[in-house]
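*Asks:* Next come the chains, spelled out residue by residue.
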Amino acid sequence: MRSLDRSAAFWLRAYTPAWRARRADEVTAVLVDLAPDGARSLDLRTVLGLLRGGVATRWRQTPPLRVYLPYRLLDVRVPPQYREWVRQDIASPGALRRNLTGRLWLFVLPLWNALASDTRGDTLAMWTVLTIALTATLLCVRPGSVVRRRLQRHARTSPPVVGSWVWVRTSRARVAAEPGAQALVLLLTVGAVAWSTAAVLAPTRLGSVPCDAAGALACSELVVVPRDHTALITAPLTAALLAGVGLAVAVRRRLARHLADRPEQPARQLVGLAPHAGPGLALWVGLILAGATAEATGTWALSLSALAAPACLLLLPTAAVLWLLARTTPGCAFVDLRHVAWTGRPVEVDRYDTDLIPAADLVRR
Amino acid sequence: MAFRMSEQAYYVLLSLAEEPRHGYGVVQAVKDLSDDRVRLGAGTLYGILDRLVEAGYAEASGEVVVDGRLRRYYRLTRDGMAALAAETARLTDLASLARRVLAARPTTRPALGSA
Numbered sequence: 021m022r023s024l025d026r027s028a029a030f031w032l033r034a035y036t037p038a039w040r041a042r043r044a045d046e047v048t049a050v051l052v053d054l055a056p057d058g059a060r061s062l063d064l065r066t067v068l069g070l071l072r073g074g075v076a077t078r079w080r081q082t083p084p085l086r087v088y089l090p091y092r093l094l095d096v097r098v099p100p101q102y103r104e105w106v107r108q109d110i111a112s113p114g115a116l117r118r119n120l121t122g123r124l125w126l127f128v129l130p131l132w133n134a135l136a137s138d139t140r141g142d143t144l145a146m147w148t149v150l151t152i153a154l155t156a157t158l159l160c161v162r163p164g165s166v167v168r169r170r171l172q173r174h175a176r177t178s179p180p181v182v183g184s185w186v187w188v189r190t191s192r193a194r195v196a197a198e199p200g201a202q203a204l205v206l207l208l209t210v211g212a213v214a215w216s217t218a219a220v221l222a223p224t225r226l227g228s229v230p231c232d233a234a235g236a237l238a239c240s241e242l243v244v245v246p247r248d249h250t251a252l253i254t255a256p257l258t259a260a261l262l263a264g265v266g267l268a269v270a271v272r273r274r275l276a277r278h279l280a281d282r283p284e285q286p287a288r289q290l291v292g293l294a295p296h297a298g299p300g301l302a303l304w305v306g307l308i309l310a311g312a313t314a315e316a317t318g319t320w321a322l323s324l325s326a327l328a329a330p331a332c333l334l335l336l337p338t339a340a341v342l343w344l345l346a347r348t349t350p351g352c353a354f355v356d357l358r359h360v361a362w363t364g365r366p367v368e369v370d371r372y373d374t375d376l377i378p379a380a381d382l383v384r385r
Numbered sequence: 006m007a008f009r010m011s012e013q014a015y016y017v018l019l020s021l022a023e024e025p026r027h028g029y030g031v032v033q034a035v036k037d038l039s040d041d042r043v044r045l046g047a048g049t050l051y052g053i054l055d056r057l058v059e060a061g062y063a064e065a066s067g068e069v070v071v072d073g074r075l076r077r078y079y080r081l082t083r084d085g086m087a088a089l090a091a092e093t094a095r096l097t098d099l100a101s102l103a104r105r106v107l108a109a110r111p112t113t114r115p116a117l118g119s120a
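Keeping their order, the protein sequence lines are chains P and U.
Numbered according to the numbering used here, the first sequence terminates at residue 385, and the numbering increases by one at each position without gaps.
Numbered according to the numbering used here, the second sequence terminates at residue 120, and the numbering increases by one at each position without gaps.
Hints may be right or wrong, so weigh each one.
Okay, the calculated beta carbon distance ranges per label pair [said to hold, decoys possible]:
1. Leu126/P to Pro25/U: 34 to 40 angstroms
2. Arg173/P to Val106/U: 56 to 62 angstroms
3. Trp132/P to Val70/U: 55 to 61 angstroms
4. Trp79/P to Val106/U: 22 to 28 angstroms
5. Arg42/U to Ser191/P: 58 to 64 angstroms
Footprint (simulated), chain U over chain P, 3 or more residues, beta carbon under 8 angstroms [what the hints assert, rightly or not]:
6. 62-71
7. 270-278
8. 328-334
In short, the hints are calculated from the structure, not lab data.
Ideal Cβ placement from N, Cα and C applies to all residues, glycine included.
Could you build the full structure based on these sequences and the hints that come with them?
*Replies:* Structural data, given as structure tokens:
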């Protein structure tokens with residue numbers, strides 16, 4: 021590449037990446053034609069013209085604040101003339117960062133209020149847990165599918181053309197039954213063991229005691245009190261486990277009835293878990309163990325374990341049944357297992373999904 | 006959004022009205038049409054071309070590669086030709102008005118009176 025081309029490429033960064041993708045080659049040709057013979061870089065007047073043009077182009081393509089802020093803060097759809105801008109915003113690098121930054125105020129405002137109060141330590145711990153849980157969840161989601169869903173929400177057009185991109189019909193990606201059921205069994209097993217142990221061992225619990233507020237007819241406040249006996253928790257745990265076994269038997273019957281004659285799925289593509297699902301699941305396991313340990317050692321009073329342990333014990337046998345069936349039913353999606361288990365109805369045929377691709381790729385197809 | 010017809014945009018429309026041209030061809034044509042008075046830089050030219058294409062006044066009509074460089078040709082659309090005709094009529098009316106005003110103007114400055 022000649023030094024003049026390098027200079028042009030550098031100053032053309034004033035324009036958006038999408039604009040450069042469309043125009044950079046022809047603008048570079050014009051810049052080279054206009055430059056004096058032997059020029060090694062663009063002159064000041066040309067540079068200023070490109071900078072002004074780049075800013076003007078960005079300004080023209082960016083929606084006004086009255087459109088931008090509702091989109092960024094509340095995910096409101098933008099008017100049709102900004103579909104190309106919103107496509108770039110969602111599909112270009114840094115989209116996740118921009119999306120999360122836009123929603124940050126939802127977390128910052130309550131956090132700011134809480135930090136100014138007396139419960140600063142507890143609030144920080146709670147927000148740390150929430151942040152880790154959010155990160156773990158995001159890691160378990162397939163990035164491509166998030167982009168596709170957001171594009172379908174914000175950049176759907178009729179006719180199906182967005183700038184130099186077009187909407188096309190494509191296969192619907194579904195997580196295969198076995199890896200999906202395996203992840204479910206893993207989380208429920210860890211939850212059942214850790215939270216049940218914590219529920220039994222927790223030395224303290226939350227209780228209400230009367231208080232003496234001046235002028236109040238009745239007053240009570242929530243305090244941490246020592247545990248007196250564990251029978252109150254072991255009985256529900258046992259009952260949940262027994263109910264879970266019964267539920268698993270019923271689900272097993274439903275699946276046996278409907279999985280054998282499930283329909284063909286021409287619009288479906290089976291995929292594994294998301295690429296970063298491993299670290300995401302590990303974070304979830306770490307969170308569950310940390311929370312259970314905090315309650316088992318008395319750092320936190322018995323609270324979450326009292327609810328989460330029975331819930332996990334109730335669902336774990338069913339998840340195990342799903343996993344066993346998934347291993348012996350090739351070509352099945354996790355969503356099929358969930359649908360039949362939950363509704364008792366036959367497996368439904370997937371409809372085709374839609375995706376936005378460059379028009380040039382469509383021509384090559 | 007309404008198209009803002011600047012003098013430079015008018016010259017670009019005029020140059021494309023003659024024949025389809027590529028970017029460098031438009032710059033040269035505008036330079037000739039304006040007697041070397043208007044010299045478009047690449048930034049200004051493509052800002053105008055973007056706006057013309059968005060408004061539906063111009064469209065890409067073909068590409069050729071010359072010496073390894075891409076030349077994309079642009080041509081006026083029917084709407085672009087109509088916009089050019091409308092702007093020309095407006096300028097003609099404006100010039101006629103200016104001529105009438107200047108013709109009616111007294112040749113000698115009237116006395117403003119004394120204090």
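*Asks:* Among all the numbered hints in the text so far, which are the ones the structure does not match?
*Replies:* When the structure is compared with the hints, numbers 1, 4, 7 and 8 turn out to be violated.
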